[in-house]
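Peer 1: Protein chains in written order, with our numbering: chain F, 1 to 247; chain C, 1 to 251.
Warning: the hint list may mix true and false statements.
Said to hold, decoys possible - Straight-line C-alpha distance at most 30 Å; calculated DSBU-like pairs for lysine-lysine:
(1) F:Lys21 x C:Lys79
(2) C:Lys132 x F:Lys101
(3) F:Lys17 x F:Lys226
(4) F:Lys21 x C:Lys222
(5) C:Lys133 x F:Lys101
(6) C:Lys222 x C:Lys79
(7) C:Lys79 x F:Lys17
Said to hold, decoys possible - Examples of chain F residues toward chain C, derived with CB under 8 Å:
(8) Leu16
(9) Asn25
(10) Ala121
(11) Glu123
(12) Val127
(13) Asp239
Just so you know, the hints here were simulated from the structure itself, not pulled from any lab data. The beta carbon of each residue, even a glycine, is placed where N, CA and C say it ideally should be.
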Amino acid sequence: MLTGFFFHFGRYTLLLKSMWKRPENGAIYWQETMRQMVSLGVGSLVIVFIISVFMGAVTTVQTAYQLVSGFIPRSIIGSIVSDSSILELAPTITSLVLAGKIGSNMASEIGTMRVTEQIDALEIMGVNAPGYLLMPRIVSALIMVPLLIMLSTALCIGGGILAGHLSGIIESSVFIDGARSTFKAFNVGFAMSKAITYGFMISSISCYQGYYTEGGALEVGKSSTKAVVFSCILILLSDYVLAQLIL
Amino acid sequence: MIRLQDVRKTFGQQEVLKGISSTFHPGKVNMIIGASGSGKSVLMKAMVGLHPITSGHIFYGDTDLANINETDRLSLRRKIGMLFQNSALFDSMTVEENVLFPLNMFTQESKSQKLERVNFCLERVGLINTNKKFPSEISGGMKKRVGIARAIVLNPAFLFVDEPNSGLDPLTSILIDELIKEITEEYQMTTLVNTHDMNSVMEIGDHIVYIYKGEKCWEGDKNAILTTDNEILNNFVFATNFLKDFKQRRN
Ligand SMILES: Nc1ncnc2c1ncn2[C@@H]1O[C@H](COP(=O)(O)OP(=O)(O)OP(=O)(O)O)[C@@H](O)[C@H]1O
Ligand SMILES: [Mg+2]
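Work out the full structure: start from the sequences and follow the hints.
Peer 2: What follows is the structure, encoded as C-alpha cells:
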C-alpha cells in the first residue's frame with residue numbers, strides 16, 4: 001500500500017515534470033488550450049447552474065428551519081447562506097461535481113488515446129506527449145474551475161435569495177443586508193485559492209490516470225472511475241488542510 | 001540504415017523477441033513477415049523506441065538508440081514516419097486535420113502550402129472527398145490509408161508500416177504497395193513493412209526477414225524465397241495455392 005503510494009506519487013511527479021518542455025509549436029498548444037477551455041467551461045455550465053441554485057435554496061430553507069428563536073434577526077440567514085456559499089458550498093461541492101464531470105472526461109479521453117496507440121503515434125512524430133496532452137488541460141482547468149466556482153457562488157447566493165423570497169421566509173433586501181454585514185473580501189480570496197488548488201488536482205490526477213491506462217476499453221472505464229474517486233478524496237482532504245492552515 | 005544486433009524483448013515471463021539481428025538499407029523495401037503473434041509488431045515498436053528492449057542494440061546509422069540523449073531522440077523521431085497496425089488516427093480530428101497535424105507541429109509553411117501537401121498525400125493513397133470526415137466515419141481500410149498519408153507527409157527518412165494491406169481490397173492493396181515502393185526509392189527512405197500478405201512480398205519486397213516465434217528464421221530477397229529449402233518458411237509461404245503453382249511451374 002505504502003509502496004504503491006510512493007510508486008504512483010513518483011510517477012505522477014515525473015509525468016508533471018516531463019510536461020515542462022518547450023512546446024514544439026506554441027500556436028497549436030494555444031489552440032488546444034482554447035479548445036479545452038471551451039469544452040470544459042461551456043460544457044460544465046448547465047450542471048454548475050443546477051447544483052448551485054439548489055444548494056443555495058436548500059441552505060436558506062434549512063437555516064431558517066433551524067433558527068426558531070425570535071431573538072435572532074432574520075438577516076442572519078442571509079449572512080450564513082452567503083458566507084457558507086463563498087467558503088465551502090460553491091468551491092468544494094461544485095469541485096466535487098466537476099471532478100465527476102471533467103475528471104472522468106479527461107481520464108477517458110487520454111486513456112482511450114493511450115489504448116488505441118494515439119499517444120504512441122504522437123511520440124513517434126516527436127511530439128512531447130505529456131506536454132501536448134496535459135499542459136492544455138491543466139492550464140484550462142486552472143482558469144476555468146475558478147471561473148466556474150465564482151459563477152457558482154453567485155448562483156448559490158441567488159438561489160438562496162430566490163428561495164427565501166418565494167417561500168416568504170426572508171425578504172430579498174433583508175437577505176442582502178445580512179450577507180453584506182458579514183462579507184469579508186478575504187473569504188473570497190480563500191475560496192479562489194481553494195478553487196485553483198482543486199482545478200489543478202482534478203486535471204492533473206485525471207490526466208495521470210488516463211495517461212497510464214494499460215489494456216483496453218475496460219481499463220479506460222476503470223481509469224476514469226479512479227480519476228473521479230482520487231480527485232474527490234484529495235479535494236476533501238485538501239479542503240480540510242487548507243481550512244486548518246489558512247483560517 | 002538501421003542495424004539490429006541481437007535484439008531481445010521479454011514481457012514478464014514471455015520472451016517475445018529472441019535475439020534478432022539484421023540490417024536494413026535505405027532505398028529498399030524491407031519486409032518482415034511471419035505468422036500472427038510471431039512478434040512483428042513488437043519488433044517494429046522496439047525499433048522506433050516505443051518498447052524499451054531487454055538486451056541488444058538498435059543502431060540508426062552509428063547512433064545506438066539505447067544511449068541517445070533526449071534532444072537527439074526527438075530529432076530522430078521527427079525523421080520517422082509510422083503506420084500503426086490499428087491506424088492510431090487521432091479521433092478528435094478530421095482526416096485532413098490528422099494528416100495536417102505533423103505539418104502544423106513541425107513546419108512553418110503557409111496554410112495553403114500545407115493543405116496542398118495534405119491533399120497530395122491523400123490523393124496518393126487514393127482518398128478523395130474524405131477530408132472532412134472523422135475517423136469514426138470511415139472504413140478500416142480507409143483509416144489505414146489516412147495513417148499512411150500521415151506517416152509520409154513529412155517525407156520521413158525512416159518509414160515503418162505495420163500491415164498496410166490488412167483490410168484492403170486487392171486493387172487498393174496494390175496501389176498502396178506501389179506507393180510504398182515508389183516513395184522508398186524516390187526519397188531513399190529506409191522502409192520497413194510488416195506483413196503476412198505474400199502477394200505484396202512478391203510485389204515489392206527487396207529484403208525479406210522471416211520471423212518465426214520471435215526468432216529470425218530466414219532472410220533474403222524475394223527470388224530466394226521461392227527456391228529456399230527452409231522448411232518452416234516454405235510452410236508459411238506456400239500456404240497460398242497461388243504461390244504453390246508458381247513454384248511448381250518454375251520447377
Ligand atoms: N504490450 C504487451 N505486453 C505483453 N505481451 C505483449 C505485448 N505486446 C505484444 N505481446 C505479445 O507478443 C507476442 C507478439 O505480438 P505481436 O503483436 O508482435 O505479433 P504480430 O507478429 O504483430 O502479430 P499480427 O500479425 O497478428 O499483428 C504476442 O504473443 C503478444 O501476446
Ligand atoms: Mg502485428
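Peer 1: For every hint, state whether the structure bears it out.
Peer 2: Checked hints:
Pair hint F:Lys21 plus C:Lys79 holds up; C-alpha atoms about 20 Å apart against a cutoff of 30 Å. Distance hint between C:Lys132 and F:Lys101 is fulfilled; the C-alpha atoms sit about 29 Å from each other, no more than 30 Å. At roughly 22 Å between alpha-carbon atoms, F:Lys17 and F:Lys226 fall within 30 Å of each other, so this suggested pair holds. A threshold of 30 Å between alpha carbons decides the hint, and for F:Lys21 with C:Lys222 the separation of about 46 Å lies outside it, so the pair is violated.
Restraint check for C:Lys133 and F:Lys101: satisfied, since their Cα atoms lie roughly 28 Å apart, inside the 30 Å limit. About 28 Å separates the Cα atoms of C:Lys222 and C:Lys79, which keeps this hinted pair within 30 Å; it holds. As the CA atoms of C:Lys79 and F:Lys17 are separated by approximately 26 Å, the hinted pair is consistent with the 30 Å bound. The criterion of a C-beta within 8 Å of any C-beta in chain C is not met by F:Leu16, whose closest approach is roughly 17 Å, and the hint is violated.
Of the supplied interface hints, the one on F:Asn25 holds, with its beta-carbon coming within about 5 Å of a beta-carbon of chain C, less than 8 Å. Hint on F:Ala121 holds. Least Cβ distance to chain C is approximately 4 Å, under the 8 Å limit. For F:Glu123, the interface hint holds, since its Cβ comes within 8 Å of a Cβ in chain C; the closest pair sits about 7 Å apart. Below 8 Å, beta-carbon pairs count as interface contacts, and F:Val127 has one with chain C at about 6 Å; its hint therefore holds.
Restraint check, F:Asp239 versus chain C: the minimum CB separation of about 33 Å is more than 8 Å; hint violated.
Consistency note: the structure conflicts with the earlier hints numbered 4, 8 and 13.
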